[in-house]
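Protein chains in written order, with the working numbering: chain C, 1 to 210; chain U, 211 to 420; chain F, 421 to 751; chain E, 752 to 1082.
What the hints contain is simulated information worked out from the structure, not anything from laboratory work. Ideal placement from N, C-alpha and C gives every residue a C-beta, glycine not left out. Heads up, some of the hints might be wrong.
The calculated SDA-like cross-link candidates involving lysine to any residue, where the alpha carbons are at most 25 Å apart (straight line), are [said to hold, decoys possible]:
| id | chain 1 | residue 1 | chain 2 | residue 2 |
| --- | --- | --- | --- | --- |
| 1 | E | LYS918 | F | LYS706 |
| 2 | F | LYS736 | E | GLN776 |
| 3 | F | LYS706 | F | ASP647 |
| 4 | U | LYS365 | U | GLU222 |
| 5 | F | LYS622 | U | VAL311 |
| 6 | E | LYS878 | C | MET68 |
| 7 | C | LYS200 | C | GLU11 |
| 8 | F | LYS449 | E | PRO793 |
Sample of chain C residues facing chain E (criterion: CB under 7 Å; computed from the structure) [what the hints assert, rightly or not]:
| id | residue |
| --- | --- |
| 9 | LYS57 |
| 10 | THR61 |
| 11 | GLY75 |
| 12 | GLN162 |
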Amino acid sequence: MTRDQLMKVLEEIVVVVEENKEFFTDLDQAIGDGDHGINLNRGFKAVKEKLSSVRDKDCGTILKTVAMSLISTVGGASGPLYGTAFMKAGAVVAGKEEITVEDSIKIFDEAIQGIIARGKASCGDKTMLDALIPAFEAWKTAFEEGESIEDASQKMLEAAYQGVEYTKTIAANKGRANYLGERSIGHQDPGATSSYFMLKAIVDVMTKGA
Amino acid sequence: MTRDQLMKVLEEIVVVVEENKEFFTDLDQAIGDGDHGINLNRGFKAVKEKLSSVRDKDCGTILKTVAMSLISTVGGASGPLYGTAFMKAGAVVAGKEEITVEDSIKIFDEAIQGIIARGKASCGDKTMLDALIPAFEAWKTAFEEGESIEDASQKMLEAAYQGVEYTKTIAANKGRANYLGERSIGHQDPGATSSYFMLKAIVDVMTKGA
Amino acid sequence: MKKMINHPEAVVEEMLEGVVKAHPQYVRKLEGFNVLVRANGPVNGKVALVSGGGSGHEPSHGGFVGRGMLDGAVAGAVFTSPTPDQVFEAVKAVDGGAGVLLVIKNYTGDIMNFEMAAEMADMENIKVASVVVNDDVAVENSTWTTGRRGIAGTVFIHKIAGAAAEKGMNLDEVKRVAEKTIANVRSMGMSLTPCTVPAAGKPSFELAENEMEVGLGIHGEPGTHRDVIKTADEITAHLVEKILEDMDYSQSEVAVLMNGLGGTPLMELYIMNRKVSSILEERGIKVHKTFVGNFMTSLEMAGASVSILKLDEELKELLDATADTPAFTQL
Amino acid sequence: MKKMINHPEAVVEEMLEGVVKAHPQYVRKLEGFNVLVRANGPVNGKVALVSGGGSGHEPSHGGFVGRGMLDGAVAGAVFTSPTPDQVFEAVKAVDGGAGVLLVIKNYTGDIMNFEMAAEMADMENIKVASVVVNDDVAVENSTWTTGRRGIAGTVFIHKIAGAAAEKGMNLDEVKRVAEKTIANVRSMGMSLTPCTVPAAGKPSFELAENEMEVGLGIHGEPGTHRDVIKTADEITAHLVEKILEDMDYSQSEVAVLMNGLGGTPLMELYIMNRKVSSILEERGIKVHKTFVGNFMTSLEMAGASVSILKLDEELKELLDATADTPAFTQL
Ligand SMILES: Nc1ncnc2c1ncn2[C@@H]1O[C@H](COP(=O)(O)OP(=O)(O)O)[C@@H](O)[C@H]1O
Ligand SMILES: Nc1ncnc2c1ncn2[C@@H]1O[C@H](COP(=O)(O)OP(=O)(O)O)[C@@H](O)[C@H]1O
Ligand SMILES: [Mg+2]
Ligand SMILES: [Mg+2]
Ligand SMILES: [Mg+2]
Ligand SMILES: [Mg+2]
């Protein structure tokens, strides 16, 4: 992925978040406090404004800029979490003009570790991790098994999707939905959903670009 | 009207107020603060409790007891006004066991004067006076013209009813409805309405009794 | 009707019990009457202040019983003036020998009931004076009518006359100060929702999702007119303009009361206050002090009123004086 | 959505402007940040207290900035934890050299954002400690989860730790006192209506005319369960029982906070307080002090929470200490 593609991906995420902001918020109203879409949209609007100023910078700087924007505008739980994820991602590709497949695995891994370190959740807690971790596993495994980027992308997305579906079946242990206890069962997690949409945005741009 | 009939009249008013309390309140919600029925019902429930203790007393004492109950339980505008009316009425027949037609005219007159003195309203202000004053005039005139009690009663009631109807056509100058300005036009006055019902209760008991 | 109550008929008594349980250091209830008086009253030699009216305006009036404000508050049924005997009982209980000032809001019912109480007090040789608050500018053509209503501006009278009494002024002086305050205060309110009198069980009026009621009182009565909901700035500007049209505030210092009607969050009151301040600033009117919150409410009504009091040195000093009551404390 | 606002996205900023206009003697706003600090701060040599969280809980938290309580309050978007840079800015602005205590309510978002701010402060060598309030007993099985929420009981931490700091205690001591207060306070809430986040534009949940939501937080989240509306006494008894089951209050003295969620009239809060008092009395638990009103709200939600704080001599003295803030003044 070139720097330009990275920029396109980020711009696509901005669009996707804007388009789905009501959907995310509705999901969050059901089991949280109804601000997930509002939060992310506020954050990615800020990201969009900042992006133009780093258009010529390396991938690391771009990702860190995204991270800082998110951290200083999103708030809530998703702000520090997505912010940390992008921050860790940026560190992996500091100074680089391009992101290789190997980088992408490292980025994914580090981002997830960052989220875990910050939020202390794990798989099955009904959070974004339930989409991200299976997606990461699928992505990594696909490459280990020598699959094409296209196939790997599809498997990754499918795994993320299943992860979102899985969140419907469990009660939350982390985040606000946790306070609902059993009442959160049956509802999909907003953060897992937004994670899925972001992953999908990446894949969409990369396949369109191909 | 004997003391027993007076007691029956008062008991009938208690019933009529209870039956129409929602109606009075609805009228008051439209142009006032929606408590006229609640106020009067609270007052006449108290009257009912007190009545048994004065069953053997003279008409004056009975009416003053009603007055005191109303004054100390109704509140709002209608409490002092109806209270004053019954107080003045009681003064007219202090010590008497029976109320003559002449007494009734005097009572009616004094009651109205009491209401005017207390509330400083006059005809056309969209208050209870718009029912009471025409009713009084009709009652008095009927006797001056030698009509029977029955006819006089019907004319009195008809005049009160027209008075209530008239309140629909005017804007209020007194009471809470006053603040509505032109918006009060089209609505009948709650106090005029309750006055009409009380007069009707008197007539009903007296004609049943006949 | 969604309310946390037990019996619609018992709300006032139960509320007063709850007040006394919460604030025994400030108030006690007169046995058998819906009257709250200072826990340590009457204060000997001090002019006493009694206010009251229908219930449903909390913290008015019981919340303002305490040092520097009221000596007694009489609670009628919801939105219904208390009866004369209740007011009379309050007068007797608070009189410290220097007489009692009745602070009455201008409603036919309140005036008549308080007047009758004053007549009773007179018969027992208690010195009683009274003032009538009529701060609501919503009602315009009021010459031949009942006159203007008393609404949230009343709280300024409690505060200022209360401070005057605490300072040791005599009954005439306290009355003079109260009347000056009344002459100097104007208010206007609006609402987004009706309210429900517990015993009535249904809302006082109906408003569509995009409508608001403008120029309304504090008893769930409809206002002077209905309008489509505007922005906070537009609504506030309308209220303030009406007030400023009514009295000449130019060059003066003022106190502002940005009052919530019970169901409006503080957030919205502060957003409105932002606009009040900016209009006054533009006009060169200096804000000496601002109060924001629920002072004179209308049950759970969502809405607000603005009150603006023109100050002179005397009023300013009395407004700034210490007060210590359940709902208003000032160091 | 019926609200007196201008733009859903501007509510927090405009509100803060309104607060500063109303209370310049108490607070000022940090330019470019949604942070209120004491007008005359930082106080040299005093431990400073910073709290905050999403907006929509007014008067929390900005209303408690002032002598004897907070030094700074950070306002996030409605119901959304403020970002680390905002908190960090507050920390820098209030530090008087004796360090800063962060009072955090136990929500994932608040904890993470405040933690990140603490890390930033650390890098600039500002001494920062933090405490996490988790007073809500509604959530029961919380061992493996996020733990309990922080709700209205937080106000007691502001008051008591604030008094400790004002008294000159050092950061460790202020933290100790704050933690003792947290350990000693339990709360539980319920609501009759949802609330509407301005930017969302629709209510946080739907409730039928005869339903209430029990055990809910202060962000419009649904509660632990839904029930048919009961009488005020039954509702109150349920809340108090849950609290008393959770901690042993027997023989102790307590402070009670009967908190409204924003849309509930004081009348109903006092009716509920009547029941709180009577249950505590029956159990031989002595009420030292009661606060009734809107302290930690959820926009315009109609509902209430009860908080009960177990006191010892130290907490009692600190609770009784003078405080002077826009929303809480005590002589
Ligand atoms: N500890 C955690 N670890 C990972 N993800 C979390 C954690 N807590 C919450 N989340 C995610 O954050 C989402 C909610 O984000 P958002 O609504 O923006 O914040 P908030 O809960 O503060 O309102 C949840 O749906 C969940 O996926
Ligand atoms: N000054 C007055 N003189 C005569 N009747 C009046 C006056 N003011 C009000 N009323 C009557 O009182 C009625 C309202 O009574 P009620 O609702 O019980 O009292 P309130 O207006 O205090 O709520 C009005 O409908 C009107 O008929
Ligand atoms: Mg959320
Ligand atoms: Mg009425
Ligand atoms: Mg009334
Ligand atoms: Mg949130």
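Each hint, compared with the structure:
Among the hinted pairs, LYS918 (chain E) with LYS706 (chain F) is inconsistent with the structure: their alpha-carbon atoms are about 36 Å apart, more than 25 Å. Straight-line distance between C-alpha atoms of LYS736 (chain F) and GLN776 (chain E) comes to about 16 Å, which keeps the hinted pair within the 25 Å bound. Note on LYS706 (chain F) and ASP647 (chain F): the hinted pairing is violated, with a Cα-Cα distance of about 31 Å set against a maximum of 25 Å. Taking the CA atoms of LYS365 (chain U) and GLU222 (chain U), the gap is about 21 Å. The hint holds against a cut of 25 Å.
Between LYS622 (chain F) and VAL311 (chain U) the alpha-carbon distance is near 43 Å, which puts this suggested pair outside the 25 Å criterion. Annotation: proposed proximity of LYS878 (chain E) to MET68 (chain C) holds, straight-line Cα distance about 24 Å (limit 25 Å). Between the alpha carbons of LYS200 (chain C) and GLU11 (chain C) the distance comes to roughly 13 Å, so the proposed pair stays at or under 25 Å and holds. As the CA atoms of LYS449 (chain F) and PRO793 (chain E) are separated by approximately 44 Å, the hinted pair breaks the 25 Å bound.
Taking 7 Å as the C-beta cut-off, the interface hint given for LYS57 (chain C) is violated, the closest approach to chain E being about 21 Å. Residue-level restraint check for THR61 (chain C) is violated (minimum Cβ-Cβ distance to chain E is 19 Å; threshold 7 Å). Interface restraint check for GLY75 (chain C): the shortest CB-CB distance to chain E comes to about 4 Å, inside 7 Å, so the restraint holds. With its C-beta approaching chain E no nearer than about 24 Å, GLN162 (chain C) sits outside the 7 Å limit, and its interface hint is violated.
When held up to the earlier numbered hints, the structure conflicts with 1, 3, 5, 8, 9, 10 and 12 and fits the remainder.
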